[in-house]
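Model the full assembly from the supplied sequences, consistent with the hints where possible.
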Amino acid sequence: MNRFYIQIVFFLLSVFLHVNNKTLATEPAPGTSTTPESTYHYLTPEEVFVNHQHLLCTNPEEIKGARELMNEAIEHLKKHAESVDDYETCRTDSSLHMLLYKKKHDEKTDIEKIHYAICGDSQYYNIIYNIWDPNHDSPFNNGSVKITRVYDPSLVMIQQRYEKKFLSRQKYFYALVKRARISGNKTIIVMTTPNVNDHSPSKEEYKNKIIENANLLKIDIDSEEDIRKGKLEK
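So for the sequence shown, the numbering used here puts the first residue at 3; every next one is plus one.
A few of these clues could be false.
Unchecked claim - Using 27 Å as the maximum straight-line C-alpha spacing, the simulated DSSO-like pairs for lysine-lysine come out as follows: (1) K167 x K236; (2) K209 x K166; (3) K173 x K236; (4) K105 x K81; (5) K148 x K188; (6) K209 x K231; (7) K148 x K209; (8) K220 x K173; (9) K233 x K148; (10) K233 x K167; (11) K236 x K106; (12) K236 x K66; (13) K173 x K233; (14) K104 x K173; (15) K211 x K66; (16) K209 x K80; (17) K211 x K105; (18) K105 x K236; (19) K211 x K104.
It should be emphasised that the hints constitute simulated quantities derived from the structure, not laboratory data.
None of the values given here were measured: they were computed from a predicted structure.
Shown next, in the form of structure tokens:
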């Protein structure tokens, strides 16, 4: 289990919430929306699924466990994203049309909530596809992302590698990602880290302190040689 991405992601029209040892939520900022229209063709979730069918999970117990875990993660995410209690304003970035708020969760985890302005309803699907498309950089992630397992068009597992810092080992994580449309104009994208065995030689264990059931779902991954040799750090 990795310490960097015990994570949840939330999207509500233009809402994106990100949880690790920090938790980050974003939602539409009040007032004007200024994000320009994009001409880039993002892959739809169905196209992403078709392109990765060779990674389809065939283990019924793992599929069931992954779906149950991500349904629970959605409920945790909604609670954090919709709450307005105890947040304090800590930063404003007018150039990016973002307002940042922060609070403590159980006195252990930082919750950061961002109000983020977009161009309007016409950008609804582009934003969803942007976040879901592993071939396109998300404005909320850095490094490289690839899909390592697919369960259905709305549930996948990813591996993300951070950009390597000078004189340090590259860091990475695995996470399940679930997309769910809960109403006509509300879509949730939620991400959380299960108990992944990627055959890294590291014996250090990390616990998901936000969703305890994530520690019970054990998933075996056929990882790359550099991970198996311990060249990367979780």
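Comparing the hints with the structure gives:
1. The suggested pairing of K167 with K236 holds, with an alpha-carbon distance near 14 Å, which does not exceed 27 Å.
2. Annotation: proposed proximity of K209 to K166 holds, straight-line Cα distance about 24 Å (limit 27 Å).
3. At roughly 5 Å between alpha-carbon atoms, K173 and K236 fall within 27 Å of each other, so this suggested pair holds.
4. As the CA atoms of K105 and K81 are separated by approximately 14 Å, the hinted pair is consistent with the 27 Å bound.
5. Taking the CA atoms of K148 and K188, the gap is near 26 Å; set against the 27 Å cutoff, the hint holds.
6. Restraint check: the Cα-Cα separation between K209 and K231 comes to about 23 Å, which is no more than 27 Å; the hinted pair holds.
7. For the proposed pair K148 and K209, the alpha carbon gap of about 23 Å is at most 27 Å, so the pair holds.
8. Using a Cα cut-off of 27 Å, the hinted pair K220 and K173 holds, with the two alpha carbons roughly 21 Å apart.
9. Taken as a hint, the K233 and K148 pair is honoured in the structure, with Cα atoms around 18 Å apart against an allowance of 27 Å.
10. Between K233 and K167 the alpha-carbon distance is near 14 Å, which keeps this suggested pair within the 27 Å criterion.
11. For the hint linking K236 to K106, the alpha-carbon distance of about 24 Å falls within 27 Å, and the restraint holds.
12. A distance of roughly 26 Å separates the Cα atoms of K236 and K66; the hinted pair therefore holds under the 27 Å criterion.
13. Distance restraint check for K173 and K233: the Cα-Cα separation of roughly 9 Å lies within the 27 Å cut-off, and the hinted pair is therefore satisfied.
14. Restraint check: the Cα-Cα separation between K104 and K173 comes to about 25 Å, which is no more than 27 Å; the hinted pair holds.
15. Taking the CA atoms of K211 and K66, the gap is about 22 Å. The hint holds against a cut of 27 Å.
16. Of the supplied pair hints, the one linking K209 and K80 holds, its CA atoms being roughly 22 Å apart against a limit of 27 Å.
17. Distance restraint check for K211 and K105: the Cα-Cα separation of roughly 16 Å lies within the 27 Å cut-off, and the hinted pair is therefore satisfied.
18. The straight-line distance between the Cα atoms of K105 and K236 is roughly 26 Å, inside the 27 Å bound, and the hint therefore holds.
19. Taken as a hint, the K211 and K104 pair is honoured in the structure, with Cα atoms around 18 Å apart against an allowance of 27 Å.
The structure fails none of the hints (numbered hints given earlier).
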